[in-house]
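J.: Residues per chain, in single letters:
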Amino acid sequence: MRKRVSLWSWLLLPGTVWMSIFFITSLLLVTALSFGTTDDLGTPHFGNSLSNWAEVFAPVYRTVILRSLGYAFITAVLCLLIAYPVAYAIARHGGRWKNALIAAIVVPFFANYLVRMYGWAVVLSDEGPLLGLARKLGAPDDWRILHTGFGVIAGLVYGFVVFMILPLYAAMERMDSAVIEAGRDLYGGPLRTFLFVTVPATRQGALAGLVLVFLPAMGDFVSAQFLGGPDQIMIGNLIQSKFFDGQNWPLGSALTMLLMIVLLIAMAGYLRRARKDEQEAWQ
Amino acid sequence: MRKPRTAFAFTVLFFVLLYLPVAVVVLFSFNSQKSLTVYEGFSLRWYEAFFADEALIESLGMSLRVSLVAMVGSLVLGVALALGLVRARGKLGLYAGFIMLVPLITPEIVTGVASLLLFKGLGIPLSTMTVMIAEITFSISYVTVILRSRVAALNREVEEAAIDLGATRWQALLLVTLPALLPSILASGVLIFALVFDDFVLAFFTTGVTPQPLSVRIYSAIRFGIQPTINAVGTLMLLGSIALIGLALLIPRFFGRRGGLSILSGE
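From first to last, the protein sequence lines are chains L and D.
With numbering that gives the first Met the number 0 as the guide, the letters of the first sequence map in order to residues 0 to 282.
With numbering that gives the first Met the number 0 as the guide, the letters of the second sequence map in order to residues 0 to 266.
Excised from the complex, chain L in its bound form (with noise of 0.2 angstroms):
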């Protein structure tokens, strides 16, 4: 029996050392200069200066942080909104259709995410197709969606929905069709029914659900990039510029730092919130 033990740990050790030096070790270092500074040429060095940290924390980029948190909520509610209805008609009345359509939805995300972003970015040009048509619809003929919040914003949600519809769809999967019934029996209406009966089943799905968006949402850069302007930037184009054009690597840690933080922040909430859920359901 020894033995056997020892055969299953061997294998864990490659990949371990592995994680450890090339991302665990790695972490670490951006932590550590996340307290270094820079000298007069912008050569990064370690330290254990809080200055980075109470940087991050000033007006400007205090800006920018709170519109990323803004722009990954909103995105991740927008996409909750749009994946009900699409999971919903495809797991209930799909019928043989259904993992056609799920592959369907999956294949353009499979398509190379910058090609994905600035073909959107077409579309909702000003040229674009969308705009023309909200134009012969009546619509005034300043509205524009690039260059704004909402651009980004739907450049998000593009590049993200299928996180969400994803773990959606598998949930309404796994729903009791029966309970559905029920429902129309006790209460009626669809719209009713789909409000207090299949939303509340799928809550799970739609936990997850917002978790997968807004971690990536929060992180982004190229929305911002492709499809906003200069008063659109999110803490992503921050951290790419002080690694890039501004060189500035302690600060550039101390913010890639922070984000990291905010997501585990809300990743520990999700956790707790989902062992809740499941405690409950056992009940």
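Simulated from the structure, these hints should not be mistaken for laboratory data.
Computed from a predicted structure; not experimentally measured.
We put the CB at the ideal spot given by N, CA and C, even for glycine.
Treat the hints with care, as some may be off.
Claimed, not checked - One-sided and incomplete, this derived list gives chain L residues near chain D with beta-carbon spacing under 7 angstroms:
id	residue
1	S8
2	F21
3	L26
4	V85
5	R115
Starting from the known structure of chain L, fit chain D onto it as the hints suggest.
T.: Below, chain D alone, put in the same frame as chain L:
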């Protein structure tokens, strides 16, 4: 059951908007003129321009090499990790289970920054190799998550039988366990290849100046004024991705098992 018309109409609208950007890219990749808003006739000039562009072809080659190495590297480490996580007991297993999950909740930009700092800190110049290392690190978690449930579902009795018949632990592993996992291993490998090939953020933070991965090149092209060649590249990459997903879904069937979407969700 009554059909919810509003939800249907909404779903149709959703699919239209989902495919519109992709359709625009594909359509304008065949445009005879440079315009990105007016379609003026069919031509293959942007495809010719792509294949004539040595820098882009060099980038394509680099992306293929990176994806291949990342696929093989993360499979070797990830399969071993998945086996160990399911079967090993003790503190190492707990630690390994933890560090394998952290990358999944870490945004890519954080991984990118962290990798960049590590390579600079170790004095390793940024090159194709640094991209490969970063992509392996990023892919291991995916491989492990996908394969963990498959390992747990294996029937241990077959291995026990092999050992009773005189096989060593390693022989049982190589001749019984791994062949049983082969369809899942191949399918997740194909998925990793596709993910790494399309990956931009990590590649952006860890690549040297020349050559650059294709996605980084696309980023620069879009950022500094778009060339229609990008439409052609995007279309080719889309075709490649579709082929790879199709392959990943079909692999289990080659082995006479039920294929399906479960490989995509890792369930």
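J.: With reference to the structure, classify each hint as holding or not holding.
T.: Here's how the hints hold up against the structure:
no.	hint	in the structure
1	S8	5 angstroms, holds
2	F21	4 angstroms, holds
3	L26	5 angstroms, holds
4	V85	5 angstroms, holds
5	R115	6 angstroms, holds
No hint from the list above goes unmet by this structure.
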